[in-house]
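Novice: These are the residues of each chain, in order.
Number of protein chains: 2
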Amino acid sequence: MKDRIKGKMTEKFTNEEKNGLYKAIHSRRDVRSHFIPKLIEDEILSRILNAAHHAPSVGFSQPWNFILIKDPQTKARIKKSFEEEKESSSQLIEEPKKSKYLSFKLEGILESPVNLCVTYDPSKFGPFVIGRSSIPEAGLYSVCCAIQNLWLAARTEGVGLGWVSILSNDVLKEVLDLPSHVIPIAYLCLGYVDEFASKPDLETAGWLPRLSLKDVIYFEKWEDKENLNWKNIQEIIKTNLDYA
Amino acid sequence: MKDRIKGKMTEKFTNEEKNGLYKAIHSRRDVRSHFIPKLIEDEILSRILNAAHHAPSVGFSQPWNFILIKDPQTKARIKKSFEEEKESSSQLIEEPKKSKYLSFKLEGILESPVNLCVTYDPSKFGPFVIGRSSIPEAGLYSVCCAIQNLWLAARTEGVGLGWVSILSNDVLKEVLDLPSHVIPIAYLCLGYVDEFASKPDLETAGWLPRLSLKDVIYFEKWEDKENLNWKNIQEIIKTNLDYA
Numbered sequence: 351m352k353d354r355i356k357g358k359m360t361e362k363f364t365n366e367e368k369n370g371l372y373k374a375i376h377s378r379r380d381v382r383s384h385f386i387p388k389l390i391e392d393e394i395l396s397r398i399l400n401a402a403h404h405a406p407s408v409g410f411s412q413p414w415n416f417i418l419i420k421d422p423q424t425k426a427r428i429k430k431s432f433e434e435e436k437e438s439s440s441q442l443i444e445e446p447k448k449s450k451y452l453s454f455k456l457e458g459i460l461e462s463p464v465n466l467c468v469t470y471d472p473s474k475f476g477p478f479v480i481g482r483s484s485i486p487e488a489g490l491y492s493v494c495c496a497i498q499n500l501w502l503a504a505r506t507e508g509v510g511l512g513w514v515s516i517l518s519n520d521v522l523k524e525v526l527d528l529p530s531h532v533i534p535i536a537y538l539c540l541g542y543v544d545e546f547a548s549k550p551d552l553e554t555a556g557w558l559p560r561l562s563l564k565d566v567i568y569f570e571k572w573e574d575k576e577n578l579n580w581k582n583i584q585e586i587i588k589t590n591l592d593y594a
Numbered sequence: 351m352k353d354r355i356k357g358k359m360t361e362k363f364t365n366e367e368k369n370g371l372y373k374a375i376h377s378r379r380d381v382r383s384h385f386i387p388k389l390i391e392d393e394i395l396s397r398i399l400n401a402a403h404h405a406p407s408v409g410f411s412q413p414w415n416f417i418l419i420k421d422p423q424t425k426a427r428i429k430k431s432f433e434e435e436k437e438s439s440s441q442l443i444e445e446p447k448k449s450k451y452l453s454f455k456l457e458g459i460l461e462s463p464v465n466l467c468v469t470y471d472p473s474k475f476g477p478f479v480i481g482r483s484s485i486p487e488a489g490l491y492s493v494c495c496a497i498q499n500l501w502l503a504a505r506t507e508g509v510g511l512g513w514v515s516i517l518s519n520d521v522l523k524e525v526l527d528l529p530s531h532v533i534p535i536a537y538l539c540l541g542y543v544d545e546f547a548s549k550p551d552l553e554t555a556g557w558l559p560r561l562s563l564k565d566v567i568y569f570e571k572w573e574d575k576e577n578l579n580w581k582n583i584q585e586i587i588k589t590n591l592d593y594a
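As they're listed, the protein sequences go chains P and X. So for the first sequence, this note's numbering puts the first residue at 351; every next one is plus one. So for the second sequence, this note's numbering puts the first residue at 351; every next one is plus one.
Hints should not be assumed to be uniformly reliable.
Pairs of lysine-lysine, DSSO-like flavour, derived with a Cα cap of 27 Å [claimed, not checked]:
| id | chain 1 | residue 1 | chain 2 | residue 2 |
| --- | --- | --- | --- | --- |
| 1 | P | K436 | X | K447 |
| 2 | X | K455 | X | K474 |
| 3 | P | K581 | X | K523 |
| 4 | P | K420 | X | K425 |
| 5 | P | K571 | X | K436 |
| 6 | P | K575 | X | K420 |
| 7 | X | K588 | P | K388 |
| 8 | P | K474 | X | K564 |
| 9 | X | K420 | P | K581 |
| 10 | P | K388 | X | K575 |
| 11 | P | K571 | X | K420 |
| 12 | X | K571 | P | K388 |
| 13 | X | K388 | P | K362 |
| 14 | P | K571 | X | K425 |
| 15 | X | K564 | P | K523 |
| 16 | P | K429 | X | K575 |
| 17 | X | K420 | P | K474 |
| 18 | X | K429 | P | K575 |
| 19 | X | K588 | P | K474 |
| 20 | P | K523 | P | K436 |
| 21 | P | K571 | X | K581 |
| 22 | X | K425 | P | K581 |
| 23 | X | K575 | P | K420 |
No lab work stands behind these hints: they were computed from the structure. Here the structure is a predicted model, which is why all the values come from computation and not from measurement.
Isolated chain P (complex conformation) (with noise of 0.2 Å):
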């Protein structure tokens, strides 16, 4: 595969390879409840970790790590902080929210073959790294854009792919032998799955509404959404662009 992306560098892309990213984007999701116990093959995760090296950082920072896990005793200990974890945030709501909450499936840590715990670590490359004096988050976001290559690419290889956020990152960096100064950013669940679903599970169960593209685009200064000078796109966002 080297040679055959290297040579495209600065080629345009074709419409299948386009569509391609586009496919990868609106049919990826958050998977929680289709995981099959087939095992994911050493090439295919290294190629899906690649990507995910390859995102964009802040100064070149490269400030992520990635912690593959299998080590049942560790999933389990995982799943416990997962269970305190929602137990105590549906204390936060109230019935009927609250039994739908309970109800909803939002994990699949045990039944997914591989965890991945995907890290931060601010002293790589630092203390000054280019671009991120004036906004210190700014490596954060670059783990994240990491974490969004890696799901596309699981995406495109039939991989799921589910972020638990329902979690004590206390437990997260004790079972996993973090230095203080590490930040955990995601825990992830991948595995191959017999389907993905046409819509998110959160859109499908009614708990909330997909919004509208133009309810989320302003021109030139918060909350504008009629300046004189962007009309045309006005129109064209206004028109059902939803795919998925």
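Since the structure of chain P is provided, determine the placement of chain X on it from the hints.
Specialist: Below, chain X alone, put in the same frame as chain P:
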């Protein structure tokens, strides 16, 4: 494009589609100095923004907004903030690094036809958002995933994107009329380019090296690179998987 993608949700990706995603990931660049004056067609810009809007979001909260900017006065105010922040951050390093840093071209605010501020609104669909109670930063992370979708979609369309993080968020908030609870996450410059560099500018300039994939992957615990249960993949990631 809607139907073309809709029917394929659970289908496999062809090799060319898959290659399209990997090609986008490995040939994406942070663009500062290759913008050309050609305007971005509104249909293309809409498609790129729609890709961003279809990112994953914690609890399906879709907490992002996109502010499109082309007003020269706004751009000039942002550029001024960039210059001030670049100067003050240069005080943090000694020669010869300082002069090298100051010589780098690090933004294309005025040359790019479209600037775009991506913001995070924690109040959207709140205060209770599924998955954001234990790790409140998860909302920020969703916005970053949207930015990476946008970046990859832009790349397949031949549109370059540069992320400017040498900026004052206070200035951004004032210039764009952001409410106090809304956090600017990224200020992006978008436009067609005469070329995409084959490597990151900071790598070419010898500022920092690309890390090897094997240096960012651990097994089961922090810093464990030799766990016996992961032998095969340890061999694979030692080979040169770096495409870009």
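Novice: Now, for every hint given, state plainly whether the structure supports it.
Specialist: We went through each hint and held it up to the structure:
1. P/K436 to X/K447: Not OK: P/K436 and X/K447 at ~48 Å, beyond 27 Å, violated.
2. X/K455 to X/K474: violated, 36 Å
3. P/K581 to X/K523: Roughly 24 Å separates the two Cα atoms, so the pair holds.
4. P/K420 to X/K425: violated, 49 Å
5. P/K571 to X/K436: Given pair P/K571, X/K436 holds - Cα atoms ~25 Å apart, limit 27 Å.
6. P/K575 to X/K420: holds, 14 Å
7. X/K588 to P/K388: Given pair X/K588, P/K388 holds - Cα atoms ~25 Å apart, limit 27 Å.
8. P/K474 to X/K564: Within the cut-off at roughly 15 Å; holds.
9. X/K420 to P/K581: Holds, at about 13 Å.
10. P/K388 to X/K575: Holds. P/K388 to X/K575 sits at ~24 Å (cutoff 27 Å).
11. P/K571 to X/K420: holds, 11 Å
12. X/K571 to P/K388: Given pair X/K571, P/K388 holds - Cα atoms ~24 Å apart, limit 27 Å.
13. X/K388 to P/K362: Roughly 16 Å separates the two Cα atoms, so the pair holds.
14. P/K571 to X/K425: Distance ~12 Å between P/K571 and X/K425 Cα, so the pair holds.
15. X/K564 to P/K523: This hinted pair holds, its Cα atoms lying about 22 Å apart.
16. P/K429 to X/K575: holds, 24 Å
17. X/K420 to P/K474: Given that 27 Å is the threshold and the Cα spacing comes to 36 Å, the pair is violated.
18. X/K429 to P/K575: Holds, at roughly 24 Å.
19. X/K588 to P/K474: holds, 21 Å
20. P/K523 to P/K436: Holds - the C-alpha atoms of P/K436 and P/K523 are around 19 Å apart, at most 27 Å.
21. P/K571 to X/K581: violated, 54 Å
22. X/K425 to P/K581: holds, 20 Å
23. X/K575 to P/K420: holds, 14 Å
Violated hints for the displayed structure, listed by number in ascending order: 1, 2, 4, 17 and 21.
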